[in-house]
Amino acid sequence: MPKKPIDPKVERLKALKSAYILEADASMARGSDAAAMELFVKAGEMELQLAALRSARHRPVSLFSAGSCFLRAKQYRQAMRALEQVVDEIPEARELMAVCEGKEDLPIAGTAAGLQALVELLVKRKVITPDEWAGALAAHG
Amino acid sequence: MLKYDIENIGKDHPALLTGNFEACAVALCSGGASPWPLEIEWHDLTKRPAGTVGPETCELTWQASSKTCADKARKTYQPKRLTEDAAIGVCAVAFTALKEGTIDEVTAHGTGVDYWVDDQRAVLEISGIEKGDDAELKKRHKDRTSQLKGGSLFKKIKSGYVFVVAFGRKKAIFSYYNK
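Going line by line, the protein sequences match chains A and B.
For the first sequence, the working numbering gives the first residue as 3, with consecutive numbering after it.
For the second sequence, the working numbering gives the first residue as 227, with consecutive numbering after it.
Please note: incorrect hints may appear among the correct ones.
Subject to a maximum C-alpha distance of 27 Å in a straight line, what follows is the list of computed DSSO-like cross-link-like pairs (lysine-lysine) [what the hints assert, rightly or not]: (1) K365(B) to K405(B); (2) K325(B) to K301(B); (3) K11(A) to K365(B); (4) K229(B) to K293(B); (5) K375(B) to K229(B); (6) K384(B) to K357(B); (7) K381(B) to K357(B); (8) K381(B) to K293(B); (9) K76(A) to K306(B); (10) K237(B) to K273(B); (11) K325(B) to K11(A); (12) K364(B) to K11(A).
What the hints contain is simulated information worked out from the structure, not anything from laboratory work.
All values reported here derive from a predicted model rather than from experimental measurement.
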């Protein structure tokens, strides 16, 4: 049976957020917590965008991933908001919500170093255009 | 014998930014000498003929320019990151060479990362060992299989793969589970 084509917008978002998550995870592993936090926030935002575009079957995984990203970025309120939407479908969400309970969001240091390196890579690989790159960095301050 | 040009993983897995995975894989495949034969011990894959079992050898090749990128990757990344990214690259090769599907998404999952195949048809666990014998490869595969089966995403989707590669042994174990 031929595969159903995927919306190009969804495809592009999947590629972008996949890159952000891998880079964030790698940053965390090498102890660059500030860089990792900002990348996880970006990835979480993209997961929320993906969740809004996807079918009911796929949406819970995107929301759960968004919650995990925000949790790893220590943005507990955003994490709670994403996770509470999927507790029925993914019971593990309840455990992550317990971790968030009663905690204040940590400020994002915003070094932008990790972000800049990644955005350069995305431009080089033609995933985003130079204009979008400028926009992303400007938005970051 | 299967053959695969490692520079094709970007084309075959278009949702992943594969340049880094290619470079790290070439760095760990015998220090960058092409071709590199990988023995893949496979179990219960969906696209192999029913009743058949592995192993199958896949010869990985690459251009001289990839060797240059591999040298940079080796100088840039710590061994753990190098091995992890290399394992993703080789796993992408195995998926295409054995026609199992496309790795098309990464999700954060609690404290770890999960990979998805064919628009969430199956979840995927990937792991790599730079040096290590067959016993270590088998143990890592067993551990990752337990991890896959114990995870909530596998419990929800009921379909998953485990891919573990030992670069020093030029061997991988690739298995599919559907409960």
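Need the list of violated hint numbers for this structure, in ascending order. The structure breaks hints 2, 3, 5, 6, 7, 8, 12; every other hint is satisfied.
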